[in-house]
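Peer 1: Each chain, written out:
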Amino acid sequence: MNTIVQVEGLRKTYGAIAAVDDISFEVQEGEIFGMVGPNGAGKTTTIECLEGLRKPDSGTVRVLGVDPQREGQTLCLRVGMQLQQSNLPERMKVWEALDLYTSFYPKAVDWKELLVQLGLEEKRNAPFSKLSGGQKQRLFIALALLPDPQLIFLDELTTGLDPQARHAIWDLVRDVRARGKTVILSTHFMEEAEKLCDRVAILDLGRIVALDTPAALIHSLEAEQRVIFSLDGSLPPALEKALSMAGRLEVQGEQVTIHGKNGRKVPLVSEVVSLLTEQGINFRDLRTEQPTLEDVFLSLTGRKMRE
Amino acid sequence: MKSLLKMTWMETKLFLREPVSAFFTLIFPLVMLFIFGSIYGTQSVPGTDSTQGAIGTLIPAFTAMIIGMTGLMPVTITLATYRENGILRRLRTTPVSPLVVLAAQVMVVFVMTGLGVLLLAIAGKVVYHVQFDGNVFSMAGGFTLCSLSFFGIGFILAGVMPNARTAQIVAMVLLYPMLILSGAAWPRELMPAAVQKISAFLPLTYVVNLLRGLWVGESWGTHLLDVGVLVGMLLLGIIISVKTFRWE
Ligand SMILES: Nc1ncnc2c1ncn2[C@@H]1O[C@H](COP(=O)(O)OP(=O)(O)OP(=O)(O)O)[C@@H](O)[C@H]1O
Ligand SMILES: [Mg+2]
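As given, the protein sequences belong to chains R and L, one line each in that order. Mapping of the first sequence onto this note's numbering: residues 1 to 307, in sequence order. Mapping of the second sequence onto this note's numbering: residues 1 to 248, in sequence order.
Simulated from the structure, these hints should not be mistaken for laboratory data. The C-beta atom is built at its ideal place from N, Cα and C for all residues, glycine as well. Possibly wrong hints are sitting among the right ones.
[To be verified] Derived PhoX-like pairs (lysine-lysine); straight-line CA-CA distance at most 25 Å: (1) Lys-2/L <-> Lys-107/R; (2) Lys-13/L <-> Lys-2/L; (3) Lys-93/R <-> Lys-6/L.
[Claimed, not checked] Estimated spans, in silico, between C-beta atoms of each pair: (4) Ile-239/L <-> Arg-124/R: 35 to 45 Å; (5) Met-1/L <-> Val-109/R: 49 to 59 Å; (6) Met-191/L <-> Asp-99/R: 24 to 34 Å; (7) Gly-141/L <-> Asn-39/R: 51 to 61 Å; (8) Leu-16/L <-> Ala-178/R: 51 to 61 Å; (9) Asn-2/R <-> Lys-2/L: 31 to 41 Å; (10) Leu-16/L <-> Pro-163/R: 32 to 42 Å; (11) Pro-106/R <-> His-129/L: 29 to 39 Å; (12) Lys-107/R <-> Glu-18/L: 29 to 39 Å; (13) Ile-17/R <-> Glu-18/L: 31 to 41 Å; (14) Gly-119/R <-> Phe-23/L: 55 to 65 Å; (15) Phe-23/L <-> Arg-124/R: 48 to 58 Å; (16) Lys-2/L <-> Pro-163/R: 40 to 50 Å; (17) Ala-178/R <-> Lys-2/L: 23 to 33 Å.
Model the full structure from these sequences, guided by the hints.
Peer 2: Structure representation (structure tokens):
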């Protein structure tokens, strides 16, 4: 597999703030690579250093084999970019934007096909200002796809969209990857990173605190699997004792939560259920919760992603 | 080249979709012409030494007015807004050159200004049978020089001002007194001598002088000062606007 992006010791400071503080990673061809982290983590700064829009203070960046600062002009023919903050003139129509941007590239894909692929055909004559958030995003993705790029950057592509629109955009991104393109995206939705990305870099305060496949991140954490159930009345002391052997116990009124480590011989849920039936206890609403990237972030930084 | 044409055409459409700028460039000067025309008819404006009818004095003056308005308002506002709203930012991610962005703006405003002037001249001819003693090519050349050097001011403002609002306010503050004092709105001869002295410091005055002169058939040689000032402005405008151009 080819290495598409190489970042080594990237740093960028604004005054006293290190927006990006010594970041290194690589992205391979055909990957959906995600950067996830809370507001101000440094995702946009990193992406825009890769795009050549910002100049790093130090470190080396190679995108498709070239330095974006020195060869930005050749790069923008092969890279598609969707920026976190950008706009089109309010009265520009959807088709006009695509038509105009097509003229910037010596070789571009047929925008009429993109219009169909991105479900914007009905909005062909709508002015930019009259598009919904999701439609604007799709238009920006279409613009990013115009040069038929090898690599596409999507910065915060589903922020502000409802879940349905978000899922539609995920399908789109998978589709782009299926056509052999590499995708680098940022998000502050852990769920998005988990569902969509092949590999995820978790950023916090300008640093990468973890980088791996979502599954490996969750696994490596030995994150706790949880079993939750409710009782009528209080927890009998004998059961409490037995359950505490299985994992850390948390009682809130009638609801009991047991946090168990991963990688156990017997699954936590069967152990809990057999204890409950052995002691003949009536329980209801029993369910299990798998750890998510959200838990990974919490355990790595001691903070929740969103308060 | 393809992108320059596409961009110019796109910007032309956007210009015409913006009712305010289209009104002030194309309609407003005509309205002014009809108002003054109905006051003076074909007589000369009292108090001027012009042998021409009032309309012959007013058309070159109003041409200067259109140039002043388009140079300061649409150019400044469009560019400053494009920067502030991240429209330039999006363009920056493409291979398009900043020169194309600037050139497209210049072409659109130039063509629109020309259209406004053409409407004015046609109205003068058809409605008032205005007398024109100049040379059409000479007049067109003068118009081109005046427009381009004036657009420079707009580009400089757009480049230097921190945001679109400030740029717009500064443009207005510069524009209105200039329109009145330079003789673009009515003949300068009608104003007190003290006020006429101030007008020597206003760039638009030189536009009015040159265009009025060319209209009555004076040669370029008799307007060396005006031409010198305008060429200076043009060069300064090009240098500063290219130097101060920022994508964001
Ligand atoms: N142009 C700038 N000038 C000053 N500070 C900046 C600038 N750009 C970013 N920063 C700072 O750098 C830090 C990282 O910002 P960045 O935009 O990269 O974060 P992010 O992870 O993209 O956040 P978000 O999720 O809000 O988009 C922030 O503390 C921000 O205030
Ligand atoms: Mg960001």
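Peer 1: Run every hint past the structure and note whether it holds.
Peer 2: Results of checking the hints against the structure:
1. Lys-2/L <-> Lys-107/R: 12 Å, holds
2. Lys-13/L <-> Lys-2/L: 17 Å, holds
3. Lys-93/R <-> Lys-6/L: Satisfied, since the Cα-Cα distance of roughly 14 Å is no more than 25 Å.
4. Ile-239/L <-> Arg-124/R: 35 to 45 Å: Once the Cβ atoms are compared, 42 Å apart, the range 35 to 45 Å for Arg-124/R and Ile-239/L holds.
5. Met-1/L <-> Val-109/R: 49 to 59 Å: Distance hint for Met-1/L, Val-109/R is violated at roughly 21 Å.
6. Met-191/L <-> Asp-99/R: 24 to 34 Å: 50 Å Cβ-Cβ, so the 24 to 34 Å window is violated.
7. Gly-141/L <-> Asn-39/R: 51 to 61 Å: 57 Å, holds
8. Leu-16/L <-> Ala-178/R: 51 to 61 Å: Check failed, 42 Å falls outside 51 to 61 Å.
9. Asn-2/R <-> Lys-2/L: 31 to 41 Å: Since the Cβ atoms of Asn-2/R and Lys-2/L sit about 32 Å apart, the hinted range of 31 to 41 Å holds.
10. Leu-16/L <-> Pro-163/R: 32 to 42 Å: 40 Å, holds
11. Pro-106/R <-> His-129/L: 29 to 39 Å: 54 Å, violated
12. Lys-107/R <-> Glu-18/L: 29 to 39 Å: 33 Å, holds
13. Ile-17/R <-> Glu-18/L: 31 to 41 Å: Holds, at about 39 Å.
14. Gly-119/R <-> Phe-23/L: 55 to 65 Å: Violated, since Gly-119/R and Phe-23/L (Cβ atoms, about 37 Å apart) do not stay within the stated range.
15. Phe-23/L <-> Arg-124/R: 48 to 58 Å: 29 Å, violated
16. Lys-2/L <-> Pro-163/R: 40 to 50 Å: Hint holds: Cβ distance 41 Å, inside 40 to 50 Å.
17. Ala-178/R <-> Lys-2/L: 23 to 33 Å: 31 Å, holds
Going down the numbered hints, you'll see the structure goes against 5, 6, 8, 11, 14 and 15, while the others check out.
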